[in-house]
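Assemble chain B onto chain A, guided by the hints.
First to last, the protein sequences are chains A and B.
Per our numbering, the first sequence starts with residue 22, numbered consecutively.
Per our numbering, the second sequence starts with residue 22, numbered consecutively.
Derived by calculation from the structure, the hints in this document are not laboratory data.
Watch out, some of these pointers could steer you wrong.
Each pair may be met inside one copy or between any two copies, as identical chains are not told apart.
Unchecked claim - In the DSSO-like style, the derived pairs of lysine-lysine whose C-alpha atoms are separated by at most 30 angstroms in a straight line are: (1) LYS276 / LYS365; (2) LYS158 / LYS245; (3) LYS463 / LYS365; (4) LYS331 / LYS303; (5) LYS364 / LYS331; (6) LYS274 / LYS407; (7) LYS434 / LYS224; (8) LYS224 / LYS85; (9) LYS139 / LYS221; (10) LYS245 / LYS274; (11) LYS36 / LYS239; (12) LYS276 / LYS245.
For reference, the chains in residue letters:
Protein chains: 2
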Amino acid sequence: MLTGENFVGDTRSAKGSSVFQTFNPIQNDFLPSHFTEATDEEIDEACILAQEAFVILSQEPFRKRALFLRKIILELNAFKDQILECYNLESGLTLDRASIEFQRTINQIELFADYIDKGTFLEVSIDTGDLNRIPPKPDLRKKMVGIGPVLVFGASNFPLAYSTVGGDTISAFAAGCPVIVKSHPMHAGTGELVAQCVVKAAKAAEMPEGIFSHLNGKSYGVGKKLVLHHIIKAVGFTGSHAGGRALFDLASKRKEPIPVFAEMGSVNPIIIFPDAILLDRKKWVERIALSVTNDAGQFCTKPGILFVLKTDESRIFVEELKQEILRKSSVSMLHPDILNRYKKRLEEVSYSIGICQEIAPSNDALNEGPNAVSVCGVADFLNAEKLYEEVFGPHILVVECESQHDFLAGIDKLGGQLTCTLIGSEKEFLIQNELISVIQQKAGRLIFNGVPTGVEVNASSNHGGPYPASTDSRFTAVGVDAIKRFCRPVVFQNCPDKLLPMELRNKNVLNLNRRVNGIFVTEDIIDQR
Amino acid sequence: MLTGENFVGDTRSAKGSSVFQTFNPIQNDFLPSHFTEATDEEIDEACILAQEAFVILSQEPFRKRALFLRKIILELNAFKDQILECYNLESGLTLDRASIEFQRTINQIELFADYIDKGTFLEVSIDTGDLNRIPPKPDLRKKMVGIGPVLVFGASNFPLAYSTVGGDTISAFAAGCPVIVKSHPMHAGTGELVAQCVVKAAKAAEMPEGIFSHLNGKSYGVGKKLVLHHIIKAVGFTGSHAGGRALFDLASKRKEPIPVFAEMGSVNPIIIFPDAILLDRKKWVERIALSVTNDAGQFCTKPGILFVLKTDESRIFVEELKQEILRKSSVSMLHPDILNRYKKRLEEVSYSIGICQEIAPSNDALNEGPNAVSVCGVADFLNAEKLYEEVFGPHILVVECESQHDFLAGIDKLGGQLTCTLIGSEKEFLIQNELISVIQQKAGRLIFNGVPTGVEVNASSNHGGPYPASTDSRFTAVGVDAIKRFCRPVVFQNCPDKLLPMELRNKNVLNLNRRVNGIFVTEDIIDQR
Numbered sequence: 022m023l024t025g026e027n028f029v030g031d032t033r034s035a036k037g038s039s040v041f042q043t044f045n046p047i048q049n050d051f052l053p054s055h056f057t058e059a060t061d062e063e064i065d066e067a068c069i070l071a072q073e074a075f076v077i078l079s080q081e082p083f084r085k086r087a088l089f090l091r092k093i094i095l096e097l098n099a100f101k102d103q104i105l106e107c108y109n110l111e112s113g114l115t116l117d118r119a120s121i122e123f124q125r126t127i128n129q130i131e132l133f134a135d136y137i138d139k140g141t142f143l144e145v146s147i148d149t150g151d152l153n154r155i156p157p158k159p160d161l162r163k164k165m166v167g168i169g170p171v172l173v174f175g176a177s178n179f180p181l182a183y184s185t186v187g188g189d190t191i192s193a194f195a196a197g198c199p200v201i202v203k204s205h206p207m208h209a210g211t212g213e214l215v216a217q218c219v220v221k222a223a224k225a226a227e228m229p230e231g232i233f234s235h236l237n238g239k240s241y242g243v244g245k246k247l248v249l250h251h252i253i254k255a256v257g258f259t260g261s262h263a264g265g266r267a268l269f270d271l272a273s274k275r276k277e278p279i280p281v282f283a284e285m286g287s288v289n290p291i292i293i294f295p296d297a298i299l300l301d302r303k304k305w306v307e308r309i310a311l312s313v314t315n316d317a318g319q320f321c322t323k324p325g326i327l328f329v330l331k332t333d334e335s336r337i338f339v340e341e342l343k344q345e346i347l348r349k350s351s352v353s354m355l356h357p358d359i360l361n362r363y364k365k366r367l368e369e370v371s372y373s374i375g376i377c378q379e380i381a382p383s384n385d386a387l388n389e390g391p392n393a394v395s396v397c398g399v400a401d402f403l404n405a406e407k408l409y410e411e412v413f414g415p416h417i418l419v420v421e422c423e424s425q426h427d428f429l430a431g432i433d434k435l436g437g438q439l440t441c442t443l444i445g446s447e448k449e450f451l452i453q454n455e456l457i458s459v460i461q462q463k464a465g466r467l468i469f470n471g472v473p474t475g476v477e478v479n480a481s482s483n484h485g486g487p488y489p490a491s492t493d494s495r496f497t498a499v500g501v502d503a504i505k506r507f508c509r510p511v512v513f514q515n516c517p518d519k520l521l522p523m524e525l526r527n528k529n530v531l532n533l534n535r536r537v538n539g540i541f542v543t544e545d546i547i548d549q550r
Numbered sequence: 022m023l024t025g026e027n028f029v030g031d032t033r034s035a036k037g038s039s040v041f042q043t044f045n046p047i048q049n050d051f052l053p054s055h056f057t058e059a060t061d062e063e064i065d066e067a068c069i070l071a072q073e074a075f076v077i078l079s080q081e082p083f084r085k086r087a088l089f090l091r092k093i094i095l096e097l098n099a100f101k102d103q104i105l106e107c108y109n110l111e112s113g114l115t116l117d118r119a120s121i122e123f124q125r126t127i128n129q130i131e132l133f134a135d136y137i138d139k140g141t142f143l144e145v146s147i148d149t150g151d152l153n154r155i156p157p158k159p160d161l162r163k164k165m166v167g168i169g170p171v172l173v174f175g176a177s178n179f180p181l182a183y184s185t186v187g188g189d190t191i192s193a194f195a196a197g198c199p200v201i202v203k204s205h206p207m208h209a210g211t212g213e214l215v216a217q218c219v220v221k222a223a224k225a226a227e228m229p230e231g232i233f234s235h236l237n238g239k240s241y242g243v244g245k246k247l248v249l250h251h252i253i254k255a256v257g258f259t260g261s262h263a264g265g266r267a268l269f270d271l272a273s274k275r276k277e278p279i280p281v282f283a284e285m286g287s288v289n290p291i292i293i294f295p296d297a298i299l300l301d302r303k304k305w306v307e308r309i310a311l312s313v314t315n316d317a318g319q320f321c322t323k324p325g326i327l328f329v330l331k332t333d334e335s336r337i338f339v340e341e342l343k344q345e346i347l348r349k350s351s352v353s354m355l356h357p358d359i360l361n362r363y364k365k366r367l368e369e370v371s372y373s374i375g376i377c378q379e380i381a382p383s384n385d386a387l388n389e390g391p392n393a394v395s396v397c398g399v400a401d402f403l404n405a406e407k408l409y410e411e412v413f414g415p416h417i418l419v420v421e422c423e424s425q426h427d428f429l430a431g432i433d434k435l436g437g438q439l440t441c442t443l444i445g446s447e448k449e450f451l452i453q454n455e456l457i458s459v460i461q462q463k464a465g466r467l468i469f470n471g472v473p474t475g476v477e478v479n480a481s482s483n484h485g486g487p488y489p490a491s492t493d494s495r496f497t498a499v500g501v502d503a504i505k506r507f508c509r510p511v512v513f514q515n516c517p518d519k520l521l522p523m524e525l526r527n528k529n530v531l532n533l534n535r536r537v538n539g540i541f542v543t544e545d546i547i548d549q550r
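If we strip away everything but chain A, and leave its shape as in the complex, we get:
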């Protein structure tokens, strides 16, 4: 079923000679399919098609894009079994996890389809003119339009929800932008199957051909050429800090710089207060241990640091947490490369002064990521920069603090975060104004009495945060507002009604909630011009 070819628009294409294979971490061997890297020519073709599609899309009714998204859902559901099987082989993640992520992906697409229909994302704002004012007041009508062709890089750890047809791609489509996906080399097969669904759906929804291309690339070259291509107008990326920053730097140096939204993971600190340990110790041991180890801790929101106040009870808590994490079964990581990076980071952490690290047994032949816990005192933590960066895998660093003031000092050392979590009683929180103010400045999401893994996707989601959690804290990668990354405003001044886009005309035939002279209304506009 897999051809290993690229999709340049709706055409399968494999002009290049450089091929690669994906890898099954559990069999510890390459999978049979050979994927052909996209050539410069194919990259150029995909970009030109995307630009042509963008012009056509800009003139078509925006609700047609909702139809397209719903067709994608139909196709995905029709090929669900094949997709999950390939996902499982290429990632080593279980079929259960695959199935949950598949459903989340479907839910995301549905969310965006419904959101498109509402038209809220157009942010229509109209200030009507007044010829009698001196000077005459012009009629201004604003709406959001797509920024142009968008380049999406898939994430290794979410072959569905953050990849070929993940949040970046879907929010770009919703915004009216064609998408070129640089398929993730670790799950190029899953990518191809999903891409096939998107291509079919695009045809069924009568989308212009270049609305979607899917290009293979294992080398840095394919991504680099795409980021530098003058037709590309924005980039979405989920992955490592090194990868995200490299793309950001490339894009910033272009003759025409373009925005890169890179979500680059984070340490996601948890601060646990004494009451939680006194009252709910067992519960938090279990929840945190699961959040650290689930799917080998390969989540951007996996908690990487736990601040705890040193008390007699907390010693028991830390010991129990350590045992719970270490006794959990080790799980295969996505790829030997990811396992190796994890082991290297564990080693770096272990070399830090005052670190006491314990690593569970694991099977290298299955590429298992060993569950691990490091513990250190706050004084050592405050002097060890290496500890402030993400360890991608099933590891947590417990920082034992002498006073609650150390919580603040510890957090202060960390860069921008996707999440910060407080666990404790309301009484304990109520005296933590300063801490809450500081974590609000550090993080995109503040969690109370929960764990950071498990990202809820809706209108109130925020998956982003100050650098280095993301390259632009003003945007989110998840939830309907993710669309804002790919929209820009356009104003029509004194434009004849007939010539206006339908959304901006006097008659509100699309039944949008429009800001007219500063007030949100659905009524038609009585035009005095």
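Relative to the frame of chain A, chain B by itself:
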């Protein structure tokens, strides 16, 4: 009245030894006051104060910021005469123009004060939790918060509306961000007087001290140090492409890159169709000539290129337009440096193949910018890159086209624009689908039967556009949405009601229009938690 000192918070400070004077272009001489450049120490002090103020601001009711803005209006009005006098001396712009810009500045501040009160900018979105769902659905509450201390660079051509207390500063205040203004060296005195009003207003409104600092700098060093300061979290700039791009590059290379919104002017092409010339020739001659020459053409939206179809009537139109522009009185430019740059650009344009350039007489001793018109055929235009860039001053390039298709070819050569203007009859526009689609992709504002100068400021404004008109087409420098440049989302997950910011609590005591479970309501939330 002028001390030439910096404001580091509310303290006047002049620790440095490097001083400079401002210049009166009409007297062709330096003005008496000496301004002291900010030192590294003062820069650092201002940043630390700004960070402290930011933390305090984040915890205070947002409507207090509206009060602050209204106090600024009071202070500005109290010092209006002194400000206008200094403005006039430092810019050479007339008192009439000063007065108009003063009022526009006041109107902008009022607009933002009212907008803060509404609370729309908070974009409150709440999705309530559901403990019975499997897995339990968390309660998510999102609002926008200030991004952090903002650095603002004033514009030479708008000493009030785009400078010390212009749109960038006011929108940053509205967002809850302290502002450090790097005062424009050409109107440092006007800046100081306005800064004094802001400092007084901040005290009157009980704002934390560091909410505002005002630093002098003529050398590149002061701006550079500020952009690179780790406390600064965003930059607003209005000015030249070279200046904006340099700041953007600096900010992108930081260890923690920060967003720079630079509005860098543009060519603002006008396309005039035959019907307009046939039916309204005289009117368009007058309006375009005025738009080109008013205040020596020193506007970012001054029309720089006019595309016209070569017909017998258009020959008359072009000749009349030329005569009208050339016969208008020349006006002093803001500064000899700006005049010199203008003359250099005129010369560059004149060297282009096929250019026929006419320059009106002007008085160098008054630093007058000579009105000028260049004319060329479309074939020569399509081959001359130098013609695609802004000429800042009272000049327009008329491109004579052979067919309406040349309009498209000509526009296609241009980079991103703040505005594109079409002048013609509805009948002519109705067959220009392709052209309108293309200019929508090129520009932030499409104007029909008007001229691009004269920017209306309200909820439907857009002053920005694709690069090189701005460094980020997703934002505007003008109008209430300018606030979005300086806001980022923060989500509170499962946060106890008492601990939530007032805006997000169950009881909607602030009477905000909130998106609750996807629907905009003002009702309280019935919390099932």
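Right, here's what the structure says about each hint:
Proximity of LYS276 and LYS365 under a CA criterion of 30 angstroms is satisfied inter-copy only: 24 angstroms between copies versus 38 angstroms inside one chain copy. Within a single copy, LYS158 and LYS245 get their C-alpha atoms no closer than 47 angstroms, and across copies no closer than 40 angstroms, so neither meets the 30 angstroms cut-off. With identical chains, the CA atoms of LYS463 and LYS365 are at most 30 angstroms apart within one copy only, with a shortest distance of 27 angstroms there and 48 angstroms across copies. In this assembly of identical chains, LYS331 and LYS303 lie within 30 angstroms of each other by CA distance solely inside one copy; the values are 17 angstroms within and 84 angstroms between copies.
For the identical chains of this complex, LYS364 and LYS331 are intra-copy neighbours only, at 28 angstroms inside a copy versus 72 angstroms across copies, given an alpha-carbon limit of 30 angstroms. In the homo-oligomer, the alpha carbons of LYS274 and LYS407 lie at most 30 angstroms apart both inside one protomer (29 angstroms) and across protomers (22 angstroms), since each shortest distance falls under that limit. For a Cα distance limit of 30 angstroms, the shortest separation of LYS434 from LYS224 qualifies neither inside one copy, at 51 angstroms, nor across copies, at 33 angstroms. Taking identical chains as interchangeable, the C-alpha atoms of LYS224 and LYS85 lie at most 30 angstroms apart only when both belong to the same chain, with a minimum of 12 angstroms there against 54 angstroms between chains.
Within a single copy, LYS139 and LYS221 get their C-alpha atoms as close as 25 angstroms, which meets the 30 angstroms cut-off; across copies the closest is 46 angstroms, which misses it. Taking CA atoms no more than 30 angstroms apart as the test, LYS245 paired with LYS274 passes in both settings, with 12 angstroms inside one copy and 18 angstroms between copies. In the homo-oligomer, the alpha carbons of LYS36 and LYS239 lie at most 30 angstroms apart inside one protomer (15 angstroms), although the nearest pairing across protomers, at 56 angstroms, exceeds that limit. In the homo-oligomer, the alpha carbons of LYS276 and LYS245 lie at most 30 angstroms apart both inside one protomer (15 angstroms) and across protomers (21 angstroms), since each shortest distance falls under that limit.
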